[in-house]
Structure formats: structure tokens, C-alpha cells
Amino acid sequence: MLLRNRAALFGSALSVVLFAAPVFAQQPRHAADFYQLPANAADAVGVQPATPGAVTDATARAAASIPAATSRAVTLPTTRGAQSSSTDAQRARERFEAGVRLADSLQWSEAADAFEESYRLLPRPGTLRNLGLAHRALGRYMRALEELRQFLAESAPTPDVNTQVTTIINDMRSQLATLTVVPSVSGAQLTLDNQPIHANEEIQTDPGTHVVTGTAPGHARAAQTLTLRRSEQRRFELRLERTGGGVPIGVVVGSTVGGILVVAGIVLAVVLLSHEEAPNCGSLNVCVNPQ
Amino acid sequence: MNATRIVAALGMFGAIGSCRPPLTQMLLVIDTDIPTCRLADIHLRCGYNWDGAAADSGLTCDYPFHRGSSSAEIQLPGSLGFTANERLPNDPLTLVIDDSNGPIPTLRRTVRVHFVQRQTTRLVVRLANACLARGTTTASHPCPTGLAICTLSQSCEAAGLTCGNDGRCRSVDVLESELEFGGDAGLPDSSADDAASCFVDASTGDAGDAGDARRD
Numbered sequence: 000m001l002l003r004n005r006a007a008l009f010g011s012a013l014s015v016v017l018f019a020a021p022v023f024a025q026q027p028r029h030a031a032d033f034y035q036l037p038a039n040a041a042d043a044v045g046v047q048p049a050t051p052g053a054v055t056d057a058t059a060r061a062a063a064s065i066p067a068a069t070s071r072a073v074t075l076p077t078t079r080g081a082q083s084s085s086t087d088a089q090r091a092r093e094r095f096e097a098g099v100r101l102a103d104s105l106q107w108s109e110a111a112d113a114f115e116e117s118y119r120l121l122p123r124p125g126t127l128r129n130l131g132l133a134h135r136a137l138g139r140y141m142r143a144l145e146e147l148r149q150f151l152a153e154s155a156p157t158p159d160v161n162t163q164v165t166t167i168i169n170d171m172r173s174q175l176a177t178l179t180v181v182p183s184v185s186g187a188q189l190t191l192d193n194q195p196i197h198a199n200e201e202i203q204t205d206p207g208t209h210v211v212t213g214t215a216p217g218h219a220r221a222a223q224t225l226t227l228r229r230s231e232q233r234r235f236e237l238r239l240e241r242t243g244g245g246v247p248i249g250v251v252v253g254s255t256v257g258g259i260l261v262v263a264g265i266v267l268a269v270v271l272l273s274h275e276e277a278p279n280c281g282s283l284n285v286c287v288n289p290q
Numbered sequence: 000m001n002a003t004r005i006v007a008a009l010g011m012f013g014a015i016g017s018c019r020p021p022l023t024q025m026l027l028v029i030d031t032d033i034p035t036c037r038l039a040d041i042h043l044r045c046g047y048n049w050d051g052a053a054a055d056s057g058l059t060c061d062y063p064f065h066r067g068s069s070s071a072e073i074q075l076p077g078s079l080g081f082t083a084n085e086r087l088p089n090d091p092l093t094l095v096i097d098d099s100n101g102p103i104p105t106l107r108r109t110v111r112v113h114f115v116q117r118q119t120t121r122l123v124v125r126l127a128n129a130c131l132a133r134g135t136t137t138a139s140h141p142c143p144t145g146l147a148i149c150t151l152s153q154s155c156e157a158a159g160l161t162c163g164n165d166g167r168c169r170s171v172d173v174l175e176s177e178l179e180f181g182g183d184a185g186l187p188d189s190s191a192d193d194a195a196s197c198f199v200d201a202s203t204g205d206a207g208d209a210g211d212a213r214r215d
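Residue numbers (numbering that gives the first Met the number 0), protein chains in the order written: chain A, 0 to 290; chain B, 0 to 215.
If you are wondering where the hints come from, they were derived from the structure by calculation, not from laboratory data.
These numbers were taken from a predicted model, which means no experiment stands behind them.
Glycine is no exception: its CB is placed at the ideal position from the N, C-alpha and C atoms.
Some hints here could point you the wrong way.
Stretch-level coverage of chain B by chain A, calculated; a stretch enters the list once three of its residues show a Cβ under 8 Å from a Cβ in chain A [claimed, not checked]:
1) 22-32
2) 147-161
Residues from chain A shown here face chain B by an in silico Cβ test under 7 Å; the list is partial [what the hints assert, rightly or not]:
3) G281
4) S282
5) N288
Put together the whole structure using the sequences plus the hints.
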């Protein structure tokens, strides 16, 4: 019971810390968009408290700066929440801080990895928001949208934060590319970046380079790379070539004629060459050549 | 479609490869109406762009043949093949066939012939008995220097000619029109009358003179 209370207190304290300094600049792709840990709170949360009193003190100090909206976030349902082990929580905090540092140095991919690991260990809305912003900086709008929408849904942010995040979401939505893949064979199984998609249906995806594949019975697997610009709407026709028994008659005829030509050529060459290799040496079986 | 193109390309390649022109060669048929007893040994020399005289320059072949019926001997008519020089296809082939009888053979036939490109031609060289006919040197029958009596073959050579198939002097050069095309024709029937005796009428006292040979 005592341990459960400690964990609950620690979890609450960390959540408070994450939302304690909601810095959200006008340039959301900058590292300054990310939540930072207040120095005192970081110290308090980053160290496993030795006694219940210490945890209480730290929680109290952090809670002193909690905005009303942010404090509500503490009550968000989480998959692990207060049940997270202290080790996971500490690791989550370390990765969160690392993510902020990496974002400061514009290492977005590494920052996203750090936030993702932190969120996996301790799923907090603030971490999700930072993760979404890192993915936005990487141009992974689809994923960023999902994360920021989840953040809005789960964290009940302040009106300012809500407005800012919503603005970012709308901005990314407007930049999504729209792709419609039209396979040459009906019923073809399609994927976009290894994710199944439906044929002839508009799908929204990130601007950038993608790989579209298609498979169908009796056809060779087709794979095409395409690059989509921001806000581009593209209708992409994916051609699948027949294989095996489904060979078009033109290919059959062409292959047959070609094969006959090859065989005839080889036979003729052998006949002529063999004629050259064995000149007529007459009845005396004497062959004279310049060499 | 790529497979079709590859197959078609291979077919074209094969067809083109099969279009390699045929060999340029000549089949020489040696025949004679001279009895074996009078022409037992034949010496054949040849050379591409050879002058027909130098023994150690430009000579390509040098075959001594002995007429007979054993496996080591040859029977006339007989044939042998010559292939053109691929690098110098226009070089003539010079053939010298003689009886190996001394420094000035009593019988010698010289032939200079050009190959016909990408064709197999056939040339018949007949060593005529008439070429062994002897005669004293005259304006119409000059003999090599130092000889009062010589064979027709020797006389032809003295005039810069050679004794032809018909037993008359002629140029050593063979015209293309004299060649037969195709190497599949068989050998001519033997024209040598080996049944003829090499005995001569003792009364003539002219043994060894082919022109005076008599049958028993």
C-alpha cells in the first residue's frame, strides 16, 4: 500500500513537471516548442525519493506551479500511469530530457526516438505533444497529426495550448498530399510504404518519397517509387505485368519467333562454321593453307 | 516485353552470326595420261604470292608423291585442297608440278591462279603426255640454254610459258573462266594408259622418248 501511494505520488509529480512549463513558441518546429523541465522539478523527480516525505515535498513544490488545465491532465487515464515502476519512470524522465536536448540541437530523429521511448515507458500527454512536434519537424505529418490529436483528446490543454496545437494540426493537414493509386489489374493488393491501401481511393499521406507496391495473381509484383509535393493531389497508375500462363499473345508470338530465329541461327552457324573448319582436302587428303 | 526483345535480339544475333561467309578455297585435281612407268614421281610445290622459282622463299608446300597402288602412294587423278590467305585474299597461288627429273625437269607444269572469294573452285591440271615430246631446238621449239634437244615442257618454259593440259604451251596464269565452281564434282576418269608398255621398239633406238613409245 505504501509502495502504491509512492508510485502514485511520483507519477503525479512527473505529470505535473511535464506540463509545468508549457513553452509554445510561434515557430512550432523549433526546439523551443518543446516542454522543458523546470530545474527544481527535474531535480526532484529525477531522483528516486528516499522517503515518503521527500516525495510529498517534491510533489508539493511542483504542484505549486500547476495551471488548472494542466492539473486536470494528471487525471488522464494511462495504460501504466501510477503502476509504472520507478525504474521505468526514471528512465522515462531521462529519455524525455535527452529528447529535449536533442531537439535543441535540431536532431529531430534522435529526439523523436527519445520521446517515443519515454512515452512507451511512461505515457504522458506532454511527451506525446513533444513527440508529435518532433515528427512534424521530420515531415512525418500523418504521425504527428495522430499524436497531436491524441494529445488534445487526452490532455484537455489550456485554451492557448489548444489553439496553438490546433493551428499546427490545421497547417499540417493543408500540406498533406493526396494520392490515388490505380492498379492496372482489378483486385490487386496494394501497399503504400508497406502499409495496405485500397485501390482507387484517395488517401492522404506525407509529402515526400513513397513506395507503392502491387500484387495480383498471375502478375509480377510491381513496385514504384514516387515523390509527392506538399498539398499535391496525385493519381498514380501502377502497372502490373503478367507472368507465367497469363502471357499476352503478342509476347507468346514474339518469343516463339525469336526462339525460332535463335535456333535457326545457331544451326546455320554450326553448319557454316563446321564447313569452314573442314575444308575440302581432296582425294589425296592434303589440305594446304597459308598458315 | 523485355523477354521478347531479348529473344528477338538473340535471334538476330544468331542469324547475323550464321551469315559468316563460306570458305574461299580451291580444289586442285591432278590428272595425267602419262603411264606410271614414265612418270612415277611427281613433285608438287606451292606458294602464296610465290614466284614459282625460289626454293626457300615464299614456299608453302613441298610434296613428293610416288604413283602406285600402295597406301603410301598416290593414284592419279587425285585432288588436294588449298585455302586462300584470309589476310591477303588477292594473293595468287602458284603451283609447280614436275617430275623431279633433274635441275631442268623434262615435265613441269606451272600454274598461277587466284581464288574466287567465298567460293570453292576446282582446277584441273592435266600432265599431258604430249608435253614430254622431244624436239630439237628451233625457233618454234626453243630449248633451254645448253640443250640441243628438249621436251615440249622444257621448250615452253624456255619461252616463259608452261605446257598446258592439251599439250601446248600456254601462260602460267589461269583465268577464272577456266575454273569450275563447286568442289563436289568427282574426279575425272583416269586418262593414263597404264596398260601401255613402256617398252619401245628397239628398232627405233629411242628408248626413253615418250613420243616414240610404242605399244606391243
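Would you list, in rising numerical order, the hints stated earlier that this structure does not obey?
-> 2
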